[in-house]
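Asks: Spelled out, the chains give:
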Amino acid sequence: MKKWRLCLGAAVLAAACLTGCQQKDPEPGEVAGYDEGEEYLSIWVHSIEDTEEGQAYRESVESFNEAFDGQYFADIEFVPRNDSGGGYSDKVNASVMAGGLPDVLTVDGPNISAYAANGIIQPLADLTEEEEGAYLPSIIEQGTVNDDLYALGVMESSVGFYYNKDIIEEAGIEIPDADHPWTWSEFLDILEDLKPLMDKKDGYPLDMTFPVGETSIYYYAPFVWSGGGELVSDDGLEVDGYFNSETTAAAMDYFRTIVENGYMSEAPIDHLFESGRAAFKFDGAWEVNTVYTSYPDLNLGVAPYVVSDDWDGGTYTPTGSWAFAASSETEDIGAATELVKWMSGVDSGIRIWEMTKNFPSTYEAFENIDVFQTDENYNALYEQLTNYGHPRPKTPVYPQVSTSFQEVLESVALGGKDAQTELDKQVERIDQKLERYVRE
Amino acid sequence: MKKKNSIMGMAFFGPALVLLTIFLFLPMVLTLVFSFTDYFALNPELTHFVGLENYLNIFKDELFVQSFLNTVKFVIIIVPCQCIGALVLALAINKAAHCKKYFKVAFFVPVVMSLAVVSTLWMQIYSPEGILNTLLANFGIDAQPFIHNASQALPSIAVMSVWQGVGYQMIIFLGGLQNINPALYEAAEMDHASSWQQFKDITLPELKPLCVFVFITVTIGAFRMLVQPMVMTGGGPDHSTYTIVYDIYETGTVNWEMGLASTMAIVFTVFVVILTIIQNVLTKDKEGKKHGIKKAKAN
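Chains as they are written, first to last, in full-length UniProt numbering: chain V, 1 to 440; chain Z, 1 to 299.
No wet-lab data here; the hints were simulated from the structure.
Given the structure is predicted, the values throughout are model-derived calculations rather than measurements.
None of the hints are false.
Dumping the calculated DSS-like pairs for lysine-lysine here, alpha-carbon to alpha-carbon at most 30 Å:
(1) Z:Lys60 to Z:Lys73
(2) Z:Lys73 to V:Lys425
(3) V:Lys165 to V:Lys201
(4) Z:Lys200 to Z:Lys104
(5) V:Lys417 to Z:Lys60
(6) Z:Lys73 to Z:Lys284
(7) Z:Lys60 to V:Lys425
(8) Z:Lys73 to V:Lys417
Full structure from sequences and hints, please.
Replies: Okay, structure coming up:
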């Protein structure tokens, strides 16, 4: 009997040690730099400390502590995240259940709605008009859910529609200016003109793939937006009539046409564009840096993103990145908002650009980085972001919307299935996930 | 003395029990409990008991059914290929006169490599302009899409998995072969038994308990297929390589639907357990029953 008590005691002790990892705020003096009279603020970031990004966050936190010496003390914790999104989100999920969320945490742009809808993050304290106006509109739009501002990003991202200047010149094609992009029909003609030339080069007019994961919706949802379509309703709780609208179906059929006519390779070919065997490519803004450093012989240009024939001049290009938000567990939203503003502010933005080559999120940061004024490609991406940036769908079931978009794209463009049927099928799937929010 | 022994015993047994309870038994019980709820990772407070609703829903879910069938297809390809392949390799190495160690290491290396690394390597091999297509081109065969085509992706990944895992079972068989009493073969030779007869009447019966062990472990391993499709195809094209474990992962981690994911995990576990029992019953004869388990355990 006694040994079972011993055993039980040991089990409880170990369980308490292992599960009792819930953090308690340290006392002043316990953490280097945290002094008496300062308010303690914990912050989690989704990065490894030893990376450039991690160092940038570390420096931003240190500068915050210097600037608010005697008032606030921010303590940063690095929570690595794996490629499929685990790790960091697992820790957040566990803390949602067990308690112990920090005051401020990073949230991926498309997840802001879900975190807000489930009460994991809370609206930031009011920002002045001037403070809000410092950020690119896409950052404010991304962080806003039901008219409340929840998150501010330090970095913004975009996708470029790149072209090989030498090939375009050889084919005698003229690139339009940013406000007069090629329409779908015009672009099909261009691809048709380029096909014989690219066949000769053992390549394709377009280097494009529809990979599983976030990439597909991020790169190709603009085709829906430029036609005036949306993937979800304004409140994010309805998809029928949006996700399966005629505009979405038309965009999917457009991709099918590109594949059918052999303007792109059905199976992805590595470095097709970089090796000079493709005239165009859609890729993240990081591609500019990749080409400059690894393919200096490639004559790179950025063309405006292709638009639907029905484009009315509205916003449509890809945006979005990780952002800082205040958790629902923070007791002093004013202090947490200060930290969020600092971490996403001008200096932090310049730092993130210098260390990671991710775009900053404020006008002033862009103005202070020479390359955005002097390099035509970076400038084109910046202009595209500020003038035409459109956030990804804001809905608490975003992961399903993203997966569904990719699946339809793949089955229609590559599999040749009927777009409308596939979209309708996915609407049912998304609706199932939405039930939880509609019901409550 | 007895008391002292029991305290000593507890001291050794205790830590393992505690850790197993926290990291194995408790999660298992919780998974079972969650499977009857609509537990949502982002908002656990709103969890409701839903009875058998999840169980009914997953069988109506086309994607779950497809992932289930895909997994079965993987098992059907991988299990025979890997078991027979391992046996053939073990026999060959056992007979080899030279470079035994070299071959052993060569076949075993993929086993110690990370699955993610192996998968990335094979993505290059299978790529449209990769080694395999270049080889095929030499024989005048058109380039194949392999993992980029819905009908070829699953077999392509299965072949890669066999290549990756076969070395482990080969070592087990090799150990078994070297344990067979040479006197049996000597006696057979004196009776002028052919090589085939020796294999059929000595090698196979002696290896039978090991075969059962290998068969079951390979089957369970194949059912747990996740990393290869995750890295190489993301479950595509058109869900052709989407497996049950992948579906459980996506449902629980990406879509935060822990209740539903738990139900899938329970259904999956029950299925594998039933299959293992059936395999055990089918592969056991009366004689094998006695020393079969002993040997399998010893290995």
